[in-house]
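Whatever position you read off the sequence shown (first residue = 1), add 13 for this note's numbering.
Note that these hints are calculated values from the structure, not bench results.
All C-beta atoms, glycine included, are put in the ideal place defined by N, C-alpha and C.
Accuracy of the hints is not assured; some may be wrong.
[Claimed, not checked] Okay, derived cross-link-like pairs now, DSBU-like style, lysine-lysine, Cα gap no bigger than 35 Å in a straight line: (1) Lys229 with Lys109; (2) Lys109 with Lys90; (3) Lys224 with Lys211; (4) Lys211 with Lys104; (5) Lys172 with Lys109; (6) Lys104 with Lys90; (7) Lys172 with Lys239.
[Claimed, not checked] Computed beta-carbon distance windows for the label pairs: (8) Phe188 with Tyr65: 19 to 29 Å; (9) Ile75 with Gln122: 18 to 28 Å; (10) Tyr65 with Gly244: 35 to 45 Å; (11) Gly244 with Ser19: 14 to 24 Å; (12) Leu189 with Ser19: 49 to 59 Å; (13) Leu72 with Phe249: 39 to 49 Å; (14) Phe188 with Asp242: 15 to 25 Å.
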Amino acid sequence: MNESISYQVHPKEIFYFVIKLIFSLFVYTFPFFIWKTGIAEVNQAVIIIIGYLLVIMLLLMIRMGLIVGYLRGNAVKITEAQFPDIYHIIKSQSGKLGLKKVPDVYLLQAGGLLNAFAARFMGRNYVVLYADIMEEAYENNLESVEFVIAHELGHIKRKHMQKDIWLFPALFVPFLSQAYSRACEYTCDNIGAVLCPKGAVTGLVLLASGKKLYPKVDVSAFIQQKETDGGFWTWFAEKVSTHPRLIRRIARLVTEEMVALKAFSTPQPVIKEEMLTTEEKPQEDVKMEDYSKYLPK
Numbered sequence: 014m015n016e017s018i019s020y021q022v023h024p025k026e027i028f029y030f031v032i033k034l035i036f037s038l039f040v041y042t043f044p045f046f047i048w049k050t051g052i053a054e055v056n057q058a059v060i061i062i063i064g065y066l067l068v069i070m071l072l073l074m075i076r077m078g079l080i081v082g083y084l085r086g087n088a089v090k091i092t093e094a095q096f097p098d099i100y101h102i103i104k105s106q107s108g109k110l111g112l113k114k115v116p117d118v119y120l121l122q123a124g125g126l127l128n129a130f131a132a133r134f135m136g137r138n139y140v141v142l143y144a145d146i147m148e149e150a151y152e153n154n155l156e157s158v159e160f161v162i163a164h165e166l167g168h169i170k171r172k173h174m175q176k177d178i179w180l181f182p183a184l185f186v187p188f189l190s191q192a193y194s195r196a197c198e199y200t201c202d203n204i205g206a207v208l209c210p211k212g213a214v215t216g217l218v219l220l221a222s223g224k225k226l227y228p229k230v231d232v233s234a235f236i237q238q239k240e241t242d243g244g245f246w247t248w249f250a251e252k253v254s255t256h257p258r259l260i261r262r263i264a265r266l267v268t269e270e271m272v273a274l275k276a277f278s279t280p281q282p283v284i285k286e287e288m289l290t291t292e293e294k295p296q297e298d299v300k301m302e303d304y305s306k307y308l309p310k
């Protein structure tokens with residue numbers, strides 16, 4: 014199936030990928046050159062290090078296997094028979110992205126969390142949609158859900174999970190994997206915005222403010238927080254995170270036309286109910302039961 018859309022890969026994704034690749038190749042080939050020295054003590058240290066790496070990879074594989082096993086036994090698989098309208102969106106987007114196979118998609122109850130994620134295990138791709146995200150599709154906010162789905166399919170399109178496996182040694186370089194992950198998120202936002210431009214901004218605002226309050230958020234004022242709520246700890250919190258700040262992600266997707274038209278910028282008013290005092294509350298007619306029948310005669 015041919016790809017029918019074009020999207021922009023964030024430049025830093027390519028930059029950090031190259032750095033991770035160089036470092037990982039160095040780690041993979043370094044034991045070979047050490048082994049050539051013939052020094053027994055050095056070779057023994059190399060064997061121990063490789064053993065530790067293999068154990069860590071095995072533990073990560075077991076962890077992912079447990080996640081997949083839990084999904085298969087507890088989550089609802091989205092198919093043509095189960096939530097077919099959502100499945101058709103996933104199938105259509107997969108086709109536009111040129112995916113060879115529609116990934117397995119599961120609906121998972123997560124205690125009110127608004128999130129979704131993509132995963133890969135034993136050659137199969139998975140997308141997990143948390144229940145509260147899915148509910149938005151049936152509450153007049155389908156575009157936001159389409160954007161979230163397209164974003165997760167973007168990870169599969171870009172083969173981010175496979176790359177993470179093969180570039181595993183780079184995980185030990187401080188801040189590098191987080192920086193690469195943030196760049197990947199930007200790329201997937203671009204993919205989501207191409208497949209569903211109407212849901213791009215609202216989809217991210219939904220993640221920031223929740224299901225009930227996102228329509229009331231003034232997006233322009235929210236973006237301004239990028240200038241006013243900075244500082245070292247804001248910067249550092251992002252550097253150790255795998256995801257960019259939502260304010261940055263939203264600001265990238267809000268176009269000049271949106272700002273000019275004040276689209277997504279006018280919050281809905283909060284309707285306050287007037288509290289009535291006891292004297293002001295209307296009195297309801299109370300029917301008194303006849304207790305005379307219970308009195309002694």
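Comparing the hints with the structure gives:
A hinted pair counts as satisfied when its Cα atoms are at most 35 Å apart, and lysine 229 with lysine 109 qualifies at roughly 33 Å. Proposed proximity of lysine 109 and lysine 90 is supported: the alpha carbons are some 22 Å apart, at most 35 Å. Between the alpha carbons of lysine 224 and lysine 211 the distance comes to roughly 17 Å, so the proposed pair stays at or under 35 Å and holds. Note on lysine 211 and lysine 104: the hinted pairing holds, with a Cα-Cα distance of about 19 Å set against a maximum of 35 Å.
This hinted pair checks out: lysine 172 and lysine 109 have alpha carbons roughly 16 Å apart, not beyond 35 Å. Distance check on the hinted pair: lysine 104 and lysine 90 sit about 14 Å apart at the alpha-carbon level, within 35 Å; holds. With a CA separation close to 31 Å, the supplied pair lysine 172 and lysine 239 stays within the 35 Å bound. For the hinted restraint 19 to 29 Å between phenylalanine 188 and tyrosine 65, the CB-CB distance of approximately 22 Å keeps it satisfied.
Checked against the given bound of 18 to 28 Å, the beta carbons of isoleucine 75 and glutamine 122, roughly 24 Å apart, stay inside it. Tyrosine 65 and glycine 244 have their C-beta atoms about 38 Å apart, which keeps the hinted 35 to 45 Å range intact. Under the hint 14 to 24 Å, the C-beta atoms of glycine 244 and serine 19, about 38 Å apart, miss the expected range. Here the CB-CB span from leucine 189 to serine 19 is close to 29 Å, at odds with the stated 49 to 59 Å.
Take leucine 72 and phenylalanine 249: their Cβ atoms lie about 29 Å apart, and the range 39 to 49 Å is violated. At about 22 Å, the CB distance of phenylalanine 188 to aspartate 242 agrees with the hint of 15 to 25 Å.
Taken one by one, the earlier hints fail for this structure at numbers 11, 12, 13, listed in ascending order.
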